[in-house]
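Visitor: Single-letter residue listing:
2 protein chains.
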Amino acid sequence: MSRLDSFIRRLEAQRACLNAAARLIAGLPGNVLEFGLGNGRTYDHLRETLTGRDIYVFERKVAAHPDCIPPDDRLFLGDFLDSLPRAIAQLGQNTALANLDVGSGDEAASQRLARAMLPSVLQLLKSGGILISDQPVEDPALEALALPAGIKPGRYFLQRRR
Amino acid sequence: MSRLDSFIRRLEAQRACLNAAARLIAGLPGNVLEFGLGNGRTYDHLRETLTGRDIYVFERKVAAHPDCIPPDDRLFLGDFLDSLPRAIAQLGQNTALANLDVGSGDEAASQRLARAMLPSVLQLLKSGGILISDQPVEDPALEALALPAGIKPGRYFLQRRR
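Those protein sequences? They're chains A and B, same order as listed.
First residue of the first sequence: 1, per this note's numbering; consecutive thereafter.
First residue of the second sequence: 1001, per this note's numbering; consecutive thereafter.
The shape of chain A in the complex, shown without the other chains:
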């Protein structure tokens, strides 16, 4: 499989997870958290799929397409670990969906970051809320859900807060 094949497969898997999560939270009120804006494609997909939800974005430094930049009052700018306590104070435990797309080229560092973020993310995620992650994260409060068909296990992680 070429890197082009593998990249397409990863994006398709990401979209399938986002769409599955959107269906899973259909009956659950609450906001949506996007960790890592990047070029803004995932954010754009979330706001198209989850119209009417408040979507808060966490990003170190905004470099997205101008059409995909969230309004100032929906953006937690800076280091995730610095912004998370501010988000908890502001939003409380009212998140229906959190998407942790925090992988960088450095796999070990990405996993450490996701694990360091997890306790704070769990303070935001309400019972029944969904966590999508591109890094393996585990907690007794989370139950693993089956991935959408065709996604290789380990490519994404789909979990629900008990």
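In case anyone wonders, no lab produced these hints; they're calculated from the structure.
Any given hint might turn out to be false.
Only some residues are given here: those of chain B computed to face chain A with a beta carbon under 10 Å [as the list claims (entries may be wrong)]: (1) R1003; (2) L1004; (3) D1106; (4) Q1123.
If the Cβ cut is set under 8 Å, some of the chain B residues that face chain A in the computed set are [claimed, not checked]: (5) S1002; (6) D1005; (7) F1007; (8) R1009; (9) L1011; (10) R1041; (11) T1042; (12) H1065; (13) C1068; (14) D1072.
Have a look at the derived ranges for each label pair, beta carbon to beta carbon [what the hints assert, rightly or not]: (15) A:E138 x B:I1088: 56 to 62 Å; (16) A:M1 x B:P1119: 34 to 40 Å; (17) A:R86 x B:I1088: 57 to 63 Å; (18) A:N94 x B:R1060: 46 to 52 Å; (19) B:P1119 x A:S110: 43 to 49 Å; (20) A:G154 x B:A1063: 24 to 30 Å.
From a predicted model like this one, the values you see are computed outputs, not experimental measurements.
Built from N, CA and C at the ideal position, the CB exists for glycine as well.
Could you slot chain B onto chain A? The hints should help.
Guide: Coordinates of chain B only, in the frame set by chain A:
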């Protein structure tokens, strides 16, 4: 359609064009030219699909994944318009497939660049050779071919040198 949907569709279209072109040149000896290395995904796909072909890459400044960097003697480094005369002198008219993936954020500039490159590309492309382009380019020497199924007209351009 979200930007994620649209990006996936563009990559799938690109892959379908590359695979169609590979089939079209199956009986035609000759080298392959890749204009724009980028992250190297397309190059990786070409070298997987067209094993045994000499693949020459044109790139202003290499910033690809380390696994996807062509050998020095297959790389024309610098401005396309500067490298093309060198390539013509070195390779002659022996190209079976040329992939012009030269689009940048600036649509008008991308089209100007592709049009400026075309006369030189046609000096390299042999009769029966295939030109894939992400920009609209036209020449009496080129006949348009049908795009693979599912690709929106205008997303890619598939042509054969008469």
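Visitor: Does the Cβ pair P1119 of chain B, S110 of chain A satisfy 43 to 49 Å?
Guide: holds, 47 Å
Visitor: Quick check on the hint: Q1123 of chain B CB to chain A CB, less than 10 Å?
Guide: violated, 28 Å
Visitor: Does 56 to 62 Å hold as the CB distance between E138 of chain A and I1088 of chain B, or does it fail?
Guide: Given about 58 Å between the Cβ atoms, the range holds.
Visitor: Tell me if T1042 of chain B is really an interface residue toward chain A, meaning its C-beta lies closer than 8 Å to one of theirs.
Guide: Where the cut-off is 8 Å and the nearest Cβ of chain A is about 6 Å from T1042 of chain B, the hint holds.
Visitor: With a cut-off of 8 Å, does the beta carbon of H1065 of chain B approach a beta carbon of chain A closely enough for the hint to hold?
Guide: holds, 7 Å
Visitor: Go through the hint on R1009 of chain B and say holds or violated, using the shortest Cβ distance to chain A against 8 Å.
Guide: violated, 10 Å
Visitor: Should the hint that L1011 of chain B touches chain A count as held when the rule is a Cβ pair under 8 Å?
Guide: The hint holds - L1011 of chain B has a Cβ within 8 Å of chain A, the shortest such distance being about 5 Å.
Visitor: Using the nearest Cβ pair, does R1003 of chain B come within less than 10 Å of chain A?
Guide: This interface hint holds because 4 Å falls under the 10 Å limit.
Visitor: Classify the hint on R1041 of chain B as holds or violated, based on whether any CB of chain A lies nearer than 8 Å to its CB.
Guide: Result: holds, 4 Å to nearest chain A Cβ.
Visitor: Is the interface hint for L1004 of chain B satisfied, with its Cβ closer than 10 Å to some Cβ of chain A?
Guide: Constraint on L1004 of chain B satisfied, holds at 4 Å.
Visitor: Please verify that hint: F1007 of chain B, Cβ, nearest Cβ of chain A, below 8 Å or not.
Guide: Check passed: Cβ of F1007 of chain B comes within 6 Å of chain A, closer than 8 Å.
Visitor: Can you let me know if the beta-carbon spacing of M1 of chain A and P1119 of chain B is within 34 to 40 Å?
Guide: holds, 37 Å
Comparing the model with each numbered hint stated earlier shows that hints 3, 4, 8, 14 do not hold.
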